[in-house]
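J.: Whenever a hint applies, use it, and build me the whole structure from the sequences.
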Amino acid sequence: MNQDTTVATNWSGWRWRLLLLLPMVLAFGMGALLWKSIGTDPNRLESNLIGKPIPELLGPSLLDQQRLLQRSDLSGQPALLNVWATWCTSCAIEHPYLIQIAKLEQVRIIGINYHDKRPQAIDWLNRLGNPYAFTVFDQQGDLGIELGVTGAPETYLVDAAGIIRARHVGILNERTWPQLRQKYQQLIADVDSQ
Amino acid sequence: MHLKRKRKLQQLLLLTVGSGLIIGLILYALSENINLFFSPSEIASRKAYPAQRIKVGGMVREGSLERADDSLQVSFMITDYQHDLVVYYDGILPDLFREGQGIVAQGQLQADGAFVADQVLAKHDENYMPPEVSDAIEQASAAANATVEQTDL
Amino acid sequence: MIPELGHLALILALCLAIALAVVPLFGNATSQLRLQVAAHPLALGQGCMLLLAYAALTVSFIMDDFSVVYVVANSNSALPLPYKFSAVWGSHEGSLLLWVVILSLWTIAVSLLGKRLPLLMQARVLAVMGMISSGFLAFTLLTSNPFKRYLPDAAIEGADLNPLLQDFGLMIHPPMLYMGYVGFSVAFAFAIAALMDGKVDAAWARWVRPWTAMAWGFLTLGIALGSWWAYYELGWGGWWFWDPVENASLMPWLSGTALLHSLAVSEQRRLFKSWTLLLAILTFSLSLLGTFLVRSGVLTSVHAFATDPERGYFMLLLLVLCVGGSLVLYALRASTVRSRAVFNLLSRETCLLANNILLMVALAIVFLGTLYPLFLDVLGGERISVGAPYFNFLFVPIMALLLLLLGIGINVRWRAMPSQRLMHLLRQPLLWALGAGFAWPWVYAGAFNASVALAGALLVWLLATSVADLWQRVQQQNNAESAWWKLGASYYGMLLAHIGIGFTALGIAMVSHYSVEVSLRMAPNDKVNVGGYQFIFDGVKSIDGPNYSSIQAQVQVLKNGSVQQILQPEKRHYNAGQQVMTEVAIDAGLWRDLYVAMGEPLAQDSWALRIHYKPFVRWIWLGALLMAFGAGLAAWGKRHRFIPLPVAQTRHKGINS
Chain A
-8 MNQDTTVATN WSGWRWRLLL LLPMVLAFGM GALLWKSIGT DPNRLESNLI GKPIPELLGP
52 SLLDQQRLLQ RSDLSGQPAL LNVWATWCTS CAIEHPYLIQ IAKLEQVRII GINYHDKRPQ
112 AIDWLNRLGN PYAFTVFDQQ GDLGIELGVT GAPETYLVDA AGIIRARHVG ILNERTWPQL
172 RQKYQQLIAD VDSQ
Chain B
10 MHLKRKRKLQ QLLLLTVGSG LIIGLILYAL SENINLFFSP SEIASRKAYP AQRIKVGGMV
70 REGSLERADD SLQVSFMITD YQHDLVVYYD GILPDLFREG QGIVAQGQLQ ADGAFVADQV
130 LAKHDENYMP PEVSDAIEQA SAAANATVEQ TDL
Chain C
133 MIPELGHLAL ILALCLAIAL AVVPLFGNAT SQLRLQVAAH PLALGQGCML LLAYAALTVS
193 FIMDDFSVVY VVANSNSALP LPYKFSAVWG SHEGSLLLWV VILSLWTIAV SLLGKRLPLL
253 MQARVLAVMG MISSGFLAFT LLTSNPFKRY LPDAAIEGAD LNPLLQDFGL MIHPPMLYMG
313 YVGFSVAFAF AIAALMDGKV DAAWARWVRP WTAMAWGFLT LGIALGSWWA YYELGWGGWW
373 FWDPVENASL MPWLSGTALL HSLAVSEQRR LFKSWTLLLA ILTFSLSLLG TFLVRSGVLT
433 SVHAFATDPE RGYFMLLLLV LCVGGSLVLY ALRASTVRSR AVFNLLSRET CLLANNILLM
493 VALAIVFLGT LYPLFLDVLG GERISVGAPY FNFLFVPIMA LLLLLLGIGI NVRWRAMPSQ
553 RLMHLLRQPL LWALGAGFAW PWVYAGAFNA SVALAGALLV WLLATSVADL WQRVQQQNNA
613 ESAWWKLGAS YYGMLLAHIG IGFTALGIAM VSHYSVEVSL RMAPNDKVNV GGYQFIFDGV
673 KSIDGPNYSS IQAQVQVLKN GSVQQILQPE KRHYNAGQQV MTEVAIDAGL WRDLYVAMGE
733 PLAQDSWALR IHYKPFVRWI WLGALLMAFG AGLAAWGKRH RFIPLPVAQT RHKGINS
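Residue numbers (my numbering), protein chains in the order written: chain A, -8 to 185; chain B, 10 to 162; chain C, 133 to 789.
Heads up, some of the hints might be wrong.
In silico DMTMM-like pairs for lysine to aspartate or glutamate, Cα to Cα no more than 20 Å straight-line [unchecked claim]: (1) A:Lys108 to B:Asp121; (2) A:Lys27 to C:Glu442; (3) A:Lys108 to B:Glu71; (4) A:Lys108 to C:Glu442; (5) C:Lys673 to C:Glu732; (6) A:Lys94 to C:Glu289.
Calculated from the structure, these hints are not laboratory results.
In this text the structure is predicted, and so the values were computed from the model without any measurement.
T.: Here it is in structure tokens:
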């Protein structure tokens, strides 16, 4: 009846040690895979957008229903185009920072109110502050499609001629702004030197 | 001695058979339940076969949502800005489903090219489209531009 | 001012954590008693600093300090006060702070309760916990500082807490979960200490068991709360989705369960020692992996936190250091820890070995299903997802086998048992189980159902084998009266925990096979029959809440013609974020839940409604409560673990022994 089973391993030393190494090797292997899987670059620009100008006609103004905004409203100055909406909670998080850089660094920001409702959007700007020189009311998302917008918040950097130079997907904050700021200031310098 | 070796052999056999069985079952279950993802452009270029259960994703086209009068059937169009795909669904759409936002739907492609979904997913806590969808849109537009450039020459 | 104080407290905590990581080990190396015992005040100091920092953040929320970036992102002046408390852990930075605070509390607990351990071990364990704390505090301060401010202009208003999180379930789910995750760091620290020491004895295992049981209990509660919350909050009536974030919490649970059982063997029979050490490392590693997966953005999931690659890299580095470092130590030192004993094929050791094997297989299944899409994507393959059927197909049979084994394991003796004796003990429970199992689906639904019969049989099997063993032990004592007491809280805790999982299994089987779900369009006065109840839709009305406006449906529930309840599900529009939330209406009962949720508004006052009849669904969480309670009882029962100070130690301390 009794079948004695010695389970304590009688393996020779080196085989045992090799087995002990296995978890470590597996863990490092997994670590390498996980490393590679992080961080798709959110600033990766679609190849077909570099150097293309923004559309001639942008859309109606959010605050002034009668006014139709055009590329020429850029007035020969580089600007940020910030895509936002009241349904976008990340935009609410980004918003105070936009106010900050608009005020402290005199950054020119143009808003694109994307897939939103006019009264809510206006109320939002009244309540939380308005960092935008002007805002395009892009209810149907037509302007968004032209720019290749995939969600909110997104920010495009446009030069004085209205040509898209950079795109940032995600929230602008003190970590993500410096990179874009450099490009922005370069564009300003280009205008000044002319 | 002989008994000890026999015992060891038995243990080894048990281990091998056991692991083989388990690994086999895992691989089988995995292969049956992997859901491949396609964009409307990939479907347009016939990459998915009608019988498969797959996932599709894209931006919901503004104004494309239509509801039936007497049931919960809906249809809407999703796009990756290069091609559109009509999706039919019978059921309640998730709260975060919105025209102009990205969604992923799971279901089957019909012979006539329409997609019948048994599940529609929208992510919460994100304002972006799912990464698969944005990747697919970029690939599609890159491909479209490649062809445009070629015709320009 | 207060955020700055909080920030300062965090920095001080980091300094103390680094000191805790280094000083006691240095004291060990140089045999300086003063440095060794410094671990205790350092642990206490770190804890105090972290509590201060946490208090500072909480006060910022309560006072609506919108100059703090984190408060703006997660709160709103109209947010009800209780949610301002829980909003502190509403997203990444705050929940990370909570994690670290909980780690410091466990550290203090070990410090206070561990004074009877050998001094070398005390120093090592606390130092390891200090190392983990240092890593996470550095991570917090460098990449995820909750005290960042908008200066000089504060924001005017906050973005509001995600409405999904404005809820009781959220208030306790993360803290419970973190108590579990972080609690496993204690077993981890002990394992590292043992590896440094070069030996694992019964005393070590005896000491680690109650800590592991507590952590396991909390994790069980945390997972159950998450499931319950998803059930009533997400509006789909589901309670488990095999979502990567859910799986991330299940994996350490599976490993922790194996650890609990392996520890039992190590304590009683001095076996499986190096395996137990590896499990302790694995369990905590899985906790860390879970933390990483949820916050780094590598997983697409409905639950995942907002993504940030920089944080992902840092956390992965932390993970590699912690897990890699411990596994290197394991590879180098585990060979000094050897087990040597003999046991029969028919013995408790074998059952527990089988238990561990089954749990490891289950773990591998969940691990593979969760991470395979990730790895495939990285290696350049397609973007895929693994559907729930994969998990259900493989996981359920393994669990069923495990439960079957449980009944045997409770009754089988250590080292060896004559098979006739075992058969004799198990015969009656087996008959009861088979009988009840087969009868149950007939009794409940009038037809046979294999899965439900199996689950019923397993529950009765568990109950009957537990009673059989209990009876056996009581009979063996001379004095039957005090025999019940003599068995001890630990034993009863174990029984309760095992029975708990039986209840959960039955609940799962019942709700999976007998629930009825209907999604339909209803106009006012429409009726529908679901699960033996009649539901009448009586239209909607508008109501306003503190930070939302809502449309509330009135649904009458009738049984046999008489009105039982009026259920009032809602569709809420939250003011700040413009988000829409579904509030489900549930008529909860022990034997069934009635579940009504609103879909979209349709033409002419009609609404899409989702109505569910869910039998036995509460058993799932009640079973989990039993498990957690059992674990707590078992830990409490082992609290009199007295380890006498070694003679050499007492001489060193100058005590006349």
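J.: Does each hint hold? Answer for all of them.
T.: Going through the hints against the structure:
1. A:Lys108 to B:Asp121: violated (36 Å)
2. A:Lys27 to C:Glu442: holds (13 Å)
3. A:Lys108 to B:Glu71: holds (14 Å)
4. A:Lys108 to C:Glu442: violated (35 Å)
5. C:Lys673 to C:Glu732: Given that 20 Å is the threshold and the Cα spacing comes to 15 Å, the pair holds.
6. A:Lys94 to C:Glu289: Judged against 20 Å, a Cα distance of about 18 Å means the pair holds.
Comparing the model with each earlier hint shows violations of hints 1, 4; every other hint is respected.
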